[in-house]
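One line per chain: the protein sequences are A and B, in this order. Note that the UniProt record's numbering numbers the first sequence so that position 18 is 18, with each residue one more than the last. Note that the UniProt record's numbering numbers the second sequence so that position 129 is 129, with each residue one more than the last.
Please keep in mind that the hints were generated in silico from the structure rather than gathered at the bench. Please read these numbers as outputs of a predicted model, since none were measured by experiment. Fair warning: there could be bad hints in the mix.
As the list claims (entries may be wrong) - Label-pair restraints from in silico Cβ distances:
1. A:8 <-> B:13: 48 to 56 Å
2. A:14 <-> B:479: 43 to 51 Å
3. A:65 <-> B:53: 17 to 25 Å
4. A:110 <-> B:470: 52 to 60 Å
Every residue gets a Cβ at the ideal spot worked out from N, C-alpha and C, and that includes glycine.
Spelled out from the first residue to the last, the chains are:
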Amino acid sequence: MSGHSNWPEWIYVGVVVALMCWVGAEAWEAERLVEHVPADAEVIKVTGQQWFWSFEHEDGTKEIGELHVEKGKAYKLEIHSKDVNHSFNIHDYVVLMDAIPGRVNTVWFAPTDVGEHDIQCREYCGLIHYNMRGTLIVEEPHS
Amino acid sequence: MVLELQKPRPIWQIMFSTHHTDVGLLYLITSLGFLFMGGALALAIRAELFLPGSQIIADSMTFNRIFTVHGTTLIFLFIIPFASAVGNYFVPIMVRYKDMAYPKLNAIAFWMIPPAGALIWLGFADFTWYATPPYSIISAPGPAADMWIFGLKILGVSSVLGAINFVVTILKCKHPDMSIGQVPLLAWSFLSSSLIILVAIPTFAAALLMLLTDRLGVTGFFNPAMGGDPIAYAHLFWFTFHPEVYVLVIPAIGMMYEIIPRFSRKPIYSFNSGIFAFVLLSIVGFSSWAHHMYATGMSFTEKTVFMVGTLAAVPASAMHVYNFIATMWNGRIKFLTPMMWSVGGIALFFSAGAGGVANAAMPLDFTTHDTYWVVGHFHLFVMGTIAFGSIGFLYYMYPYVTGRMYNETMGKIHFIMSFIGTVLVFFTQHVLGLYGMPRRIFDYPPIPEWIAMNQIASVGAMIIGVSMAIFLANMIYSAGKGKPANTEDPFGVGGKYYYPFEAKNPSH
Numbered sequence: 001m002s003g004h005s006n007w008p009e010w011i012y013v014g015v016v017v018a019l020m021c022w023v024g025a026e027a028w029e030a031e032r033l034v035e036h037v038p039a040d041a042e043v044i045k046v047t048g049q050q051w052f053w054s055f056e057h058e059d060g061t062k063e064i065g066e067l068h069v070e071k072g073k074a075y076k077l078e079i080h081s082k083d084v085n086h087s088f089n090i091h092d093y094v095v096l097m098d099a100i101p102g103r104v105n106t107v108w109f110a111p112t113d114v115g116e117h118d119i120q121c122r123e124y125c126g127l128i129h130y131n132m133r134g135t136l137i138v139e140e141p142h143s
Numbered sequence: 001m002v003l004e005l006q007k008p009r010p011i012w013q014i015m016f017s018t019h020h021t022d023v024g025l026l027y028l029i030t031s032l033g034f035l036f037m038g039g040a041l042a043l044a045i046r047a048e049l050f051l052p053g054s055q056i057i058a059d060s061m062t063f064n065r066i067f068t069v070h071g072t073t074l075i076f077l078f079i080i081p082f083a084s085a086v087g088n089y090f091v092p093i094m095v096r097y098k099d100m101a102y103p104k105l106n107a108i109a110f111w112m113i114p115p116a117g118a119l120i121w122l123g124f125a126d127f128t129w130y131a132t133p134p135y136s137i138i139s140a141p142g143p144a145a146d147m148w149i150f151g152l153k154i155l156g157v158s159s160v161l162g163a164i165n166f167v168v169t170i171l172k173c174k175h176p177d178m179s180i181g182q183v184p185l186l187a188w189s190f191l192s193s194s195l196i197i198l199v200a201i202p203t204f205a206a207a208l209l210m211l212l213t214d215r216l217g218v219t220g221f222f223n224p225a226m227g228g229d230p231i232a233y234a235h236l237f238w239f240t241f242h243p244e245v246y247v248l249v250i251p252a253i254g255m256m257y258e259i260i261p262r263f264s265r266k267p268i269y270s271f272n273s274g275i276f277a278f279v280l281l282s283i284v285g286f287s288s289w290a291h292h293m294y295a296t297g298m299s300f301t302e303k304t305v306f307m308v309g310t311l312a313a314v315p316a317s318a319m320h321v322y323n324f325i326a327t328m329w330n331g332r333i334k335f336l337t338p339m340m341w342s343v344g345g346i347a348l349f350f351s352a353g354a355g356g357v358a359n360a361a362m363p364l365d366f367t368t369h370d371t372y373w374v375v376g377h378f379h380l381f382v383m384g385t386i387a388f389g390s391i392g393f394l395y396y397m398y399p400y401v402t403g404r405m406y407n408e409t410m411g412k413i414h415f416i417m418s419f420i421g422t423v424l425v426f427f428t429q430h431v432l433g434l435y436g437m438p439r440r441i442f443d444y445p446p447i448p449e450w451i452a453m454n455q456i457a458s459v460g461a462m463i464i465g466v467s468m469a470i471f472l473a474n475m476i477y478s479a480g481k482g483k484p485a486n487t488e489d490p491f492g493v494g495g496k497y498y499y500p501f502e503a504k505n506p507s508h
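So here's chain A without its partners, still in its complex pose (with noise of 0.2 Å):
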């Protein structure tokens, strides 16, 4: 209608397409891998509830806001909400699970080396969600 020939927009939109593919090629890629549990991964049972989160270990021990693992270590975090929705969150191990009441939803990550770390809420669950944080302690392994 305006007299010009529009290829040039029909090349661009496919460097776009193209460009899309690749993005969510690789995106899938690293998602599969980030999603593969290793099979003897200690299993850690995290619960959220206002405004504070609390740790039961494999064998029984229990924590609440403060938690130790160990370095070379995988964990499997069962994530449990008691009232709201929370959102479980290392961020220096790139860790994000919602902790949805009802629903156990889980993630896993490997510490690699010994130091604290940050833990917090990051979905909005009232009056304190500010400072719903806690302390991730990876320590030397024990004997």
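Given chain A's structure and the hints, the job is docking chain B onto it.
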């Protein structure tokens, strides 16, 4: 034509009028009022976050209420009514009809907004604009939460009535000599966004009713203690509100389609690809809602499907950007205020879109989800694209509405300050998110990087605040004392400023 400041009409004649320009004026003034109210809350939030600890807001509940009402106001009471204002003014003229198809319905749709706004502001709810259950059912204090639900319910009905009016006006009332392919792109944008509203809003209307009966304790749709599922609400909510972001952005793009060819003094590069991209966007908008929910425990397959659906929206948006740039290419561009806002808006649209690709990719989402990255990303869309397009168009329609010119220098200062401010606030917030600062927090630990970036963002917000004061002064002063506009061609870009300025309001 409308304000007729030289020959004033009593205010109730405008208020009780059903003529499309009068209703448009009411929409316009209401939406700008809410823009400044919502903006004031934004400044309060940024002032509070300038340093860790409590600055100007005493407690976290007040802070939570402020960000909830800030978001609700700017999305539902500024952007959507602003688009309706533009649609009311220009859609009947563009399809060459004397008024909207149902003028009384049009006025009713407008008059639902003030009571809805009053409910939202008087209630001051605290559960964020998602109203996520079970928090919104078991913990959120009433009557604030109930007032918010009723306010949104009324706004939803108003949107649906407005959308019906636009669809019928464009499809049934257009001039018989005009084929649907000749309807200008601005009117096409209203057609596409109205169709999205008609499909999407009823879902949210149902969800709100279910939320209300859950709050009353009658049902347990979303309450796990009564066997419900909170994720069901998330699906219903995002099925409406992911397409809804296209409802917000499509009219803003349509406004740019009006401004860019005119100020480039060239016809639009490809009219048909503009229409195609609008229609495509309004269809694929429905295939991407669950990308907001990757972290709720969805299966790998579900996540993959919604990632593909989300990425499919990118080529459609990219076609608009291409069209704009190809139109400006080799044009004799006149950089007056409306054009500056449009070009700035395109640049920020591109940046926000690139950030959006990162959000859609599943593994990257987990680093950015519910952090300030997301805040930066969607504000860059809402402020950088939608508000920039809207404000640019406001300057463009100013001589049409008031018969006078705004002050060009003040308009340019407004643009430059807002652009700098927007980049400072929202680009910084992207980085802040990568450092792990969660959104919606009243206070944060004194991490040096977080403090520095929050301060940059707060300074940027203040710059935007000052520019908005200049804007307000310009709009009010020029409406009374500005120099009379040349109604044939107020911007001196040649061609006819094709809106029939002389046509007096026929029914009054």
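Against the structure, the hints:
Taken as a hint, the range 48 to 56 Å holds for the pair residue 8 (chain A) and residue 13 (chain B), whose Cβ atoms sit roughly 53 Å apart. At roughly 49 Å, the beta carbons of residue 14 (chain A) and residue 479 (chain B) sit within the given window of 43 to 51 Å. In this structure, residue 65 (chain A) and residue 53 (chain B) meet the distance hint of 17 to 25 Å, their C-beta atoms being roughly 21 Å apart. Between residue 110 (chain A) and residue 470 (chain B) the CB atoms are about 55 Å apart, so this pair conforms to the stated range of 52 to 60 Å.
Checked against the numbered hints above, the structure breaks none of them.
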